[in-house]
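Those protein sequence lines, which keep their order, are chains A and B. Its first residue numbered 1460, the first sequence is counted upward by one per residue in the numbering used here. Its first residue numbered -5, the second sequence is counted upward by one per residue in the numbering used here.
Calculated from the structure, these hints are not laboratory results. Mixed in with the good hints there might be a few duds.
[What the hints assert, rightly or not] Distance condition first, Cα-Cα at most 27 Å in a straight line; then the derived BS3-like pairs of lysine-lysine: (1) B:90 - B:58; (2) A:1573 - A:1841; (3) A:1707 - B:381; (4) B:244 - A:1745; (5) A:1707 - B:307; (6) A:1717 - A:1476; (7) B:307 - A:1476; (8) B:58 - B:168; (9) A:1707 - B:371; (10) A:1717 - B:58; (11) A:1745 - A:1707; (12) B:171 - B:90; (13) B:271 - B:244; (14) B:371 - A:1717; (15) B:271 - B:286; (16) A:1661 - A:1707; (17) A:1576 - A:1841; (18) A:1715 - A:1576; (19) A:1745 - A:1576; (20) B:286 - B:307; (21) B:376 - A:1715; (22) A:1717 - B:376; (23) B:381 - A:1476; (24) B:171 - A:1715; (25) B:286 - B:244; (26) B:376 - A:1476.
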Amino acid sequence: MFDDNNIIAGLEIGTSKICVVVGEQNAEGGLNIIGLGQARSRGVRKGEIINPEQVEEDLRAAMFEAEQMANVEIRSVYLGVSGGHIRGFNNRGVHPVVSADREISTDDVDDVVKNAKAINLPAENTVIHAVRQHFFVDGQDGVTNPVGMLGARLEVDMHVIHGHANRLQNVIRLVRATSLEVDEIVFNGIASAIALLTGEQKELGALVIDIGGGTTEYVVYSDGVIRHSGVLAVGGDHVSNDLAYGLKVPLSRAEKLKLEHGNALIAEAAKGQTISITNELGLELKRVNVEHLQRIMSLRIEEIFQLIAADLEAVGLTDYLRSGVFLCGGGSRVPGIVTLAENTFQMNVAPGHASAISGLTTALDQPEFAAAIGLVKFGSLKNRKRGARPSLVSGIKGVFGKILSR
Amino acid sequence: MNHETEISAAAATESSAPSVRIFGVGNAGATLLGALDGTEFAGAQFAAINTDAAALAASSAPVKINLESKLLRGLGTGGDPDRGRALAEEQFSLLKSACEGANVVFILAGLGGGAGSGISPVLARAAREAGALVLAFVTLPFDCEGNRREAQAQTALEHLKRAADGVVCLPSQKIFKLIDDNTSLIETFRFTGGFLVEGVRGVWQLLTRPGLIQVHFSDLCTLLRDRHAENAFAFVEAAGPGRAREAVEKIIAHPLFDDGRALAESDAVLVSLLAGKDLTMSEVGRVMEQVKRQCGHAQIIMGAAVDAALKEKLCVTVIAARQNAAPSGAPSRSEPSAAHASAPMHRDVAAFRSGSRPRRLANKLIQTQLPLSIVSKGRFDKSEPTKHNGEDLDVPTFLRRGVPLN
């Protein structure tokens, strides 16, 4: 019934959960989400693997669930990566057009892109994405396709996202160990942005913040291209940890309190209110002040937003976000977080919904799955570009060739 | 406090006796002030400072400064030095103007409570800024008064040492050695106060009595200025044929000198002899020789004066200044003025210029550790810290920002 080539799977190994989304691409390139699998993640901290065995176990469970639901066999995945080691920056490549008639050829474009990718990275780092922004022909801004134009000097701006090679390889190796192949690795922030943003929003300018368990990724789009990206190794885990410390309760209890009584703003109703913590026999152990709980939480989440806002201010992108800020990830479920973000960024903030994809509405509505859905969408876009996918063997070669050559 | 002011202050006083102001701070200070005999201290100006209007009204001092705030409702500081300090800082200009024009300011206080511990350091700083030489005479609480008062007193003493030119400190507990079981409480306090009063009297006499070997105000300045020293103090009287030997024995056995240890550890000693007309050179020589033998390397300033009224009594005043050893606590954050931070540098510069005692200063440079509290990072304890602009984001935000939870 299904042809393997049309099945695209996105795998996100997150700090709090491992999730697999399966999509089916029809002949016209349209995408339909048909399966979803998730498992609680135990071997990951701040987006990076600390216990491969546990991760492998959880990964198999999530995979099994997704395969069952979609009724397909998953052979390869688009793998989302994150972690505090990942950085994004813009780089410009320059290439003089040497042909006699000054017409820019595809070779010139390839050369300038190559120049832009030739960047000084630390030896242990590798490029995850190098995304073309705009070309400049003799200083003329905003050229999207310079082939066929006349000019003497061709320049291109690239957004380069790079990370620690060994840490990225660790995840890839782990996925390969479960006899899955990795089509490509994708920065989670970009995946989320792809899932949430429409073309129009990318044109207008938007900031996507994915607040995960261990990391918070953010990506800025403007004029239809990625302008900025970054990762903060701070997320929902930090909120729980703060609560455990501040309220002097065990971490598991803090997690529960966060889900039940958490708020990104200090609610009027919470003032002076307390909740009692009981043990399994129903005896009261201690009382916790809800206002304190919400204050601790509010401060941490506000800080995350402030750090992002300061970063955007530093690169001068604050005024380009005309369609506003979009939130996703488990952290965006916190009540009041939209208002808090509006206060911090002083612009429109909306909880993001994976758009322009059809399929399981339960999956699409959940902000946690935005990155995984984005991975599938990323895969479908690649497929559409590439046309028919190459055979499996050459595909694998291609993937690893690419990863290693980066 | 630079050399210029020191010189001008000294020059101004060469012609006339220095202008002296004596402040009693807090209840204990007011009591001590009351114990000073007004006629003996003709020319000195007395002032009482308190936060408690009722106690101040009972004081006989001609000038009364009431530091009060609506917040305290006239109830005093309630034994909290922070309140006293806050009040004093609030009315800093008032304190400064009260010290204006004085060459020497004596501060009498009992440390451990709210007013004495809180106000004295601020008053000392105000007086120094007004250009006066500041000598503080303080008592420390008895052991039976509890740990809290003891701790408050020690903190206040540290602050006072940094703010004042010299501090004469009398730990009340040492008085126990000198009193017997039958001494009543009132007598004990009178006895303790008496020691301090003697100290004030000794310095007073030093400054005002015409001497054969004159101790100038400038000598006192040399001894104390910018040293922030802790001083041990003895005032002994002896009469009869063996009075010189008796006086020396009394000095060495003096409770405040810790069996002569204070002399051995001191680096500057001021000895002033006062006797009737029959004072012989051999007596002066005998006293000085013994003191010199006791105190080894210290710089000695000597003075002698004749007062016919003393007849055959010999009074010896010894002030032994011990340079503040490396501050026992690191500079506390509540320390309000940058003047303190620069004081040690002045001290070094002064020592360098005068070329004296470089050896002693050299081994006083001790690196101290900041009293940073170790915050457990909970579940992030073993993971790579998330550093952002030098801040460790794994530490709860509310702790880093110092948001109180109460």
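Status of the hints after comparison with the structure:
1. B:90 - B:58: 14 Å, holds
2. A:1573 - A:1841: Distance ~20 Å between residue 1573 (chain A) and residue 1841 (chain A) Cα, so the pair holds.
3. A:1707 - B:381: 24 Å, holds
4. B:244 - A:1745: 63 Å, violated
5. A:1707 - B:307: 69 Å, violated
6. A:1717 - A:1476: Cα-Cα ~17 Å, so holds.
7. B:307 - A:1476: Given that 27 Å is the threshold and the Cα spacing comes to 91 Å, the pair is violated.
8. B:58 - B:168: 31 Å, violated
9. A:1707 - B:371: 13 Å, holds
10. A:1717 - B:58: 57 Å, violated
11. A:1745 - A:1707: 10 Å, holds
12. B:171 - B:90: 39 Å, violated
13. B:271 - B:244: 22 Å, holds
14. B:371 - A:1717: 18 Å, holds
15. B:271 - B:286: Between residue 271 (chain B) and residue 286 (chain B) the Cα gap is close to 25 Å, so the pair holds against 27 Å.
16. A:1661 - A:1707: 44 Å, violated
17. A:1576 - A:1841: 20 Å, holds
18. A:1715 - A:1576: 46 Å, violated
19. A:1745 - A:1576: 58 Å, violated
20. B:286 - B:307: Distance ~22 Å between residue 286 (chain B) and residue 307 (chain B) Cα, so the pair holds.
21. B:376 - A:1715: Between residue 376 (chain B) and residue 1715 (chain A) the Cα gap is close to 23 Å, so the pair holds against 27 Å.
22. A:1717 - B:376: Given pair residue 1717 (chain A), residue 376 (chain B) holds - Cα atoms ~23 Å apart, limit 27 Å.
23. B:381 - A:1476: 24 Å, holds
24. B:171 - A:1715: Violated, because 62 Å separates the two Cα atoms, which is more than 27 Å.
25. B:286 - B:244: Holds, at about 15 Å.
26. B:376 - A:1476: Holds, at roughly 20 Å.
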